[in-house]
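Q: Okay, here's what each chain looks like letter by letter:
Protein chains: 2
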Amino acid sequence: MSTIKYLLPEDRIPTAWYNIQADLPRPVPPTLHPGTGQPIGPDDLAPLFPMALIMQEVSAEQYIEIPAPVRDVYRQWRPTPLFRARRLEAMLDTPARIYYKYEGVSPAGSHKPNTAVAQAFYNKEEGITKLVTETGAGQWGSSLAMACAFFGMECKVFMVRVSYEQKPYRRGLIEAYGASVTPSPSPETNAGRAILAEHPDSTGSLGIAISEAVEVAATHADTKYSLGSVLNHVLLHQTVIGQEALEQFALADDYPDIVIACAGGGSNFAGLAFPFAGKKMRGEADTRIVAVEPAACPTLTRGQYAYDFGDTAHLTPMVKMHTLGSTFIPPSIHAGGLRYHGMAPLVSHLLDLGQIEATAVHQLDAFAAGLQFARAEGIIPAPESNHAVAQVIAEALRCKAEGVSQSIVFNLSGHGHFDMQAYMDYQAGKLQDYDYPAEEITMALAGLPGVG
Amino acid sequence: MSTIKYLLPEDRIPTAWYNIQADLPRPVPPTLHPGTGQPIGPDDLAPLFPMALIMQEVSAEQYIEIPAPVRDVYRQWRPTPLFRARRLEAMLDTPARIYYKYEGVSPAGSHKPNTAVAQAFYNKEEGITKLVTETGAGQWGSSLAMACAFFGMECKVFMVRVSYEQKPYRRGLIEAYGASVTPSPSPETNAGRAILAEHPDSTGSLGIAISEAVEVAATHADTKYSLGSVLNHVLLHQTVIGQEALEQFALADDYPDIVIACAGGGSNFAGLAFPFAGKKMRGEADTRIVAVEPAACPTLTRGQYAYDFGDTAHLTPMVKMHTLGSTFIPPSIHAGGLRYHGMAPLVSHLLDLGQIEATAVHQLDAFAAGLQFARAEGIIPAPESNHAVAQVIAEALRCKAEGVSQSIVFNLSGHGHFDMQAYMDYQAGKLQDYDYPAEEITMALAGLPGVG
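Chains A and B, in that order, give the protein sequences. Residue numbering for the first sequence follows the working numbering, starting at 15 and increasing by one per position. Residue numbering for the second sequence follows the working numbering, starting at 15 and increasing by one per position.
Please note that the accuracy of each hint is not assured.
All copies of an identical chain are treated as equivalent in the list; a pair is satisfied when it fits inside any one copy or across any two copies.
[What the hints assert, rightly or not] Derived DSS-like pairs (lysine-lysine); straight-line CA-CA distance at most 30 Å:
{"hint": "1", "residue 1": "K414", "residue 2": "K19"}
{"hint": "2", "residue 1": "K414", "residue 2": "K293"}
{"hint": "3", "residue 1": "K144", "residue 2": "K444"}
{"hint": "4", "residue 1": "K414", "residue 2": "K294"}
{"hint": "5", "residue 1": "K19", "residue 2": "K294"}
{"hint": "6", "residue 1": "K138", "residue 2": "K19"}
{"hint": "7", "residue 1": "K293", "residue 2": "K334"}
{"hint": "8", "residue 1": "K334", "residue 2": "K294"}
Calculated directly from the structure, the hints in this document are not laboratory data.
Sequences and hints are given; from them, build the entire structure.
A: Here it is as structure tokens:
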């Protein structure tokens with residue numbers, strides 16, 4: 015029984031990113047200035063981002079050309095393989111056809127370099143010499159560090175403290191690429207000092223780390239800020255995943271009935287799903303598209319769709335998104351990349367439009383699914399990706415119960431080689447599920463601007 | 015500046031392994047029975063290995079067909095990419111053309127699955143339900159565990175204690191695949207108990223772990239032994255690497271002047287080098303072929319070419335090889351896969367024939383080279399592979415000094431995502447070089463059968 019691989023030749027790397035904003039039945043709500051509450055213009059974002067990325071953020075063009083130097087770097091690992099998981103299908107004894115797009119073949123081991131390389135390139139083009147960012151589990155920080163090494167730029171990473179301490183090895187990778195890593199909250203910024211004053215033992219959160227990184231960028235002229243998810247231009251860069259998958263499904267003479275990806279900030283989800291969602295919105299195909307989030311941080315399934323800040327210190331603009339409140343600090347689940355209080359505005363908008371579904375998975379179910387996948391397919395998924403795997407297995411078993419042969423594809427957004435402690439803890443029975451912390455979330459939501 | 019990728023379509027996975035024994039100007043010296051000192055026959059090996067592998071061990075056929083179920087599994091990650099390291103060339107400002115064959119794309123992250131899958135298949139074919147093996151850094155153990163999961167077999171791994179303790183994450187991977195892991199020396203075997211009686215704090219060695227695994231296989235009828243390097247059939251299975259590289263060089267319209275790989279037991283070296291060595295011995299091409307070993311365990315460069323045991327307890331047959339003595343326990347360098355007292359008989363024979371060269375590299379130089387490579391090419395190499403990288407950089411700088419443009423290829427045998435502690439220790443200045451422990455080696459060599 016063989017895992018089938020659908021490879022594209024490298025001249026089939028997409029030449030343009032797909033911009034879902036062109037196909038939306040109504041536009042995504044505007045981004046608001048944190049001070050005035052009015053829609054922001056490009057100049058408001060200029061302290062943080064190079065103009066090329068700001069223009070992508072608001073573009074309505076359906077396709078945006080990928081610069082040749084970015085495609086040159088992509089070429090090292092793209093097009094990534096699309097696999098048909100025949101051994102997993104056999105293990106589940108399901109009539110479903112299970113496919114996975116594998117982004118773990120990038121040098122950093124995840125999908126994050128797709129946008130890291132693009133962001134480093136555009137910043138370099140506009141004369142920026144240093145990028146500052148935040149990272150949770152470290153997938154994003156290591157990817158941006160790598161991209162900065164390629165383009166000869168400096169890189170500073172604020173790393174959520176719980177990951178900094180529990181997952182030193184992605185920190186090691188970031189440092190191996192020559193970047194500097196600071197645990198967040200840190201005494202280096204006003205935002206960090208404020209948190210530490212109130213919570214000296216804070217384990218940190220993406221929201222806090224974003225505040226610190228934004229503050230550093232806003233106060234240093236040679237430094238811009240770089241974000242690994244959430245924003246429109248970041249999701250845009252990830253669409254190479256789904257565009258390749260569309261071509262690979264044509265090779266396979268198949269088309270997915272269900273597209274699945276985990277969702278923290280939304281970038282790997284958008285990367286696979288948006289090209290399929292575009293075809294759906296254009297009436298060219300009908301596909302269920304499912305975002306899977308952790309039950310411990312259930313943004314799409316239990317959050318509120320409202321204007322909120324992207325960070326804890328309220329330095330960022332406000333976006334309309336599904337949110338648990340910008341002061342909510344999620345439990346320390348191992349899927350650090352999914353511990354974010356908010357969600358990409360474009361993903362939230364699609365959910366609001368009824369174009370996609372969302373579901374939540376508990377940590378233990380996610381790891382059980384990941385182990386089953388590893389024994390069938392060999393690849394051990396990142397804990398984030400395990401959430402998608404759990405949903406895929408549930409759908410495949412539903413197909414078996416119903417006796418239907420549906421085609422399912424998911425984004426295997428990264429490998430778990432940096433996350434073995436989590437797997438060891440799971441196998442030793444040391445992990446627990448976290449219930450939806452209703453009270454904390456309610457309190458955080460009560461603080462939403464314009465809410466209650 | 016772009017890293018160039020030379021990909022083969024999957025129908026170009028080799029259909030047969032290349033057997034270098036067919037092209038040797040004189041045959042490799044025979045394997046001797048540990049009791050009688052006489053050449054062994056197939057039946058002597060039958061308690062340890064399935065007959066198909068024993069026949070491959072002594073075959074003189076130039077090509078041995080790869081069974082379809084093995085090729086089906088290979089198809090998931092093979093053919094692996096051959097890259098031209100253009101960014102590294104630019105960083106070194108060298109006229110050399112540097113290529114690397116990247117085996118880290120396998121699900122286990124190294125070249126080891128090439129033979130693990132084949133060995134699991136042949137054992138399964140002959141009705142074996144359980145395999146036992148040893149592992150150093152864990153690349154081999156995790157690969158065999160994965161292969162056993164694919165073929166529905168049990169797997170037991172004796173892991174060198176220093177790696178078991180210092181590198182728990184490859185152990186975690188082995189366990190994730192469903193195999194059991196025992197630190198070696200262990201109280202489970204006579205061999206282990208004997209070592210522990212003399213050295214209760216023994217950090218172990220591959221030689222000890224082999225003794226334990228062989229003992230378990232020899233005393234259990236349903237269990238066979240599996241070795242991840244050294245033996246002829248293991249090296250044979252790895253030749254898919256070099257055969258693909260030959261085709262990829264044709265695509266690149268180039269041919270290597272120098273072929274480089276690190277050498278511990280010899281399997282990744284043989285995998286890349288043997289097809290090139292075959293062409294060299296057949297007079298079809300002239301190529302320097304360089305095996306790179308750690309200065310702390312300098313088997314080829316400082317050992318004796320003599321009959322010796324493969325293990326510490328002298329349970330294995332004797333083979334003629336470069337050896338530091340079967341009781342030599344190498345210093346605890348981070349390149350655990352290179353900590354072996356001996357060398358594959360075929361690699362030793364080629365060195366004796368003058369067909370290949372050998373050189374030794376210190377640990378600190380190897381890590382410095384690995385970091386330089388990571389910042390140029392994104393991929394962080396396994397500490398073993400860093401030894402090859404160090405030699406490649408030295409050759410590329412020689413080319414620069416001499417003003418010659420040579421073509422260099424090396425085997426990037428695995429990624430270093432499980433080895434970040436070593437990189438962090440290196441960057442923190444905590445690692446040291448180990449001098450050639452002359453006295454210990456001399457004592458171990460003095461114990462060689464038929465020596466002094």
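Q: Taking the hints in turn, state whether each one holds.
A: Evaluation of the provided hints:
In this assembly of identical chains, K414 and K19 lie within 30 Å of each other by CA distance solely inside one copy; the values are 24 Å within and 41 Å between copies. Taking the closest pair of Cα atoms, K414 and K293 come within 30 Å of each other only inside a single copy of the chain (27 Å); across copies the shortest separation is 53 Å, beyond that limit. Taking the shortest Cα distances, K144 and K444 sit within 30 Å of each other only across copies (29 Å), while inside one copy they are farther apart (41 Å). Within a single copy, K414 and K294 get their C-alpha atoms as close as 26 Å, which meets the 30 Å cut-off; across copies the closest is 56 Å, which misses it.
Only within a single protomer do K19 and K294 lie at most 30 Å apart by alpha-carbon distance; the minimum there is 25 Å, versus 34 Å between protomers. For a Cα distance limit of 30 Å, the shortest separation of K138 from K19 across copies, 25 Å, qualifies, whereas the shortest one inside one copy, 36 Å, does not. Taking the shortest alpha-carbon separations for K293 and K334, only the intra-copy value of 24 Å comes in at or below 30 Å, while the best inter-copy value is 65 Å. When the C-alpha separation of K334 and K294 is checked against a cutoff of 30 Å, the pair qualifies only within one copy, where the shortest distance is 23 Å, while the shortest distance between copies is 66 Å.
Going through the hint list in order, the structure satisfies each hint without exception.
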